[in-house]
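Participant: Sequence:
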Amino acid sequence: MKLAVIVGSLRNESYNRALAGVLVNRLPSGVTAEILELADIPFMNEDLESNVPASVRRVANQVAQADGVMILSPEYNRGIPAVTKNIVDWLSRGSTGHPLKGKPVAIGGISSGPIRTMVMQSQLRPVLAHTEAIVMTSPVLALTEGQDNMSASGELSDATAEHIKRYLAAVVQHVQRYEVVA
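Numbering (our numbering), first residue to last: 122 to 303.
Simulated from the structure, these hints should not be mistaken for laboratory data. Don't be surprised by glycine CBs; every beta carbon is placed ideally from N, CA and C. Any given hint might turn out to be false.
[Stated by the list, open to error] With a straight-line cut-off of 20 Å between C-alpha atoms, the simulated PhoX-like cross-links for lysine-lysine are:
hint, residue 1, residue 2
1, K123, K222
2, K286, K123
3, K206, K222
[To be verified] Label pairs and their calculated CB-CB ranges:
hint, residue 1, residue 2, range
4, G151, N198, 37 to 47 Å
5, E283, S150, 12 to 22 Å
6, S176, E283, 34 to 44 Å
7, R199, R132, 16 to 26 Å
8, D210, E155, 19 to 29 Å
9, S259, N146, 22 to 32 Å
10, G223, P149, 22 to 32 Å
11, S216, D269, 38 to 48 Å
12, S278, N172, 47 to 57 Å
13, R132, M239, 19 to 29 Å
14, S278, E134, 14 to 24 Å
15, E276, I236, 19 to 29 Å
16, I236, S150, 32 to 42 Å
17, D269, N172, 40 to 50 Å
Build out the structure end to end from the sequences listed, making use of the hints.
Facilitator: What follows is the structure in structure tokens.
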């Protein structure tokens, strides 16, 4: 099984990029993942659809070739960050082959705020459903940065490590449930 991992932050020291690394390193045997590069993705613009930028085609192909997708994103101002929304917009378009359609997707995130990423996740679920992605509803992965969950260096509390283990098992089960048989 292969997963495409989308990180909705471009910041070098992003907590969500660190979380992506933790998740990739803890995947069950037989599951691989690729963290997708989004820094060169332009804003979605219908004027570009007649000649989709190479960077967008690259990410769309990576998503299309994956069995499932994990989207890990911060929450900015109680909403979906532009990086996250922008790539979802591109991947929902016919010009990119609509690779989210029918694709199993899991959402998660880490934030320094007290609400974690719950508002972002509650807004992203219906957006993804509209793209016809198959969104995993539980368990939720919404962590706060700090010693109670995950440190900046990626060290996990015992409870968080156990929760991540359950989350990843659910992601694998979700992808297997909706796996397309060619």
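Participant: Look at each hint and say if it fits the structure.
Facilitator: Outcome of the hint check:
| no. | hint | verdict |
| --- | --- | --- |
| 1 | K123 / K222 | holds, 17 Å |
| 2 | K286 / K123 | holds, 17 Å |
| 3 | K206 / K222 | holds, 16 Å |
| 4 | G151 / N198: 37 to 47 Å | holds, 39 Å |
| 5 | E283 / S150: 12 to 22 Å | holds, 18 Å |
| 6 | S176 / E283: 34 to 44 Å | holds, 37 Å |
| 7 | R199 / R132: 16 to 26 Å | holds, 19 Å |
| 8 | D210 / E155: 19 to 29 Å | holds, 21 Å |
| 9 | S259 / N146: 22 to 32 Å | holds, 23 Å |
| 10 | G223 / P149: 22 to 32 Å | holds, 23 Å |
| 11 | S216 / D269: 38 to 48 Å | holds, 44 Å |
| 12 | S278 / N172: 47 to 57 Å | holds, 48 Å |
| 13 | R132 / M239: 19 to 29 Å | holds, 20 Å |
| 14 | S278 / E134: 14 to 24 Å | holds, 20 Å |
| 15 | E276 / I236: 19 to 29 Å | holds, 23 Å |
| 16 | I236 / S150: 32 to 42 Å | holds, 35 Å |
| 17 | D269 / N172: 40 to 50 Å | holds, 48 Å |
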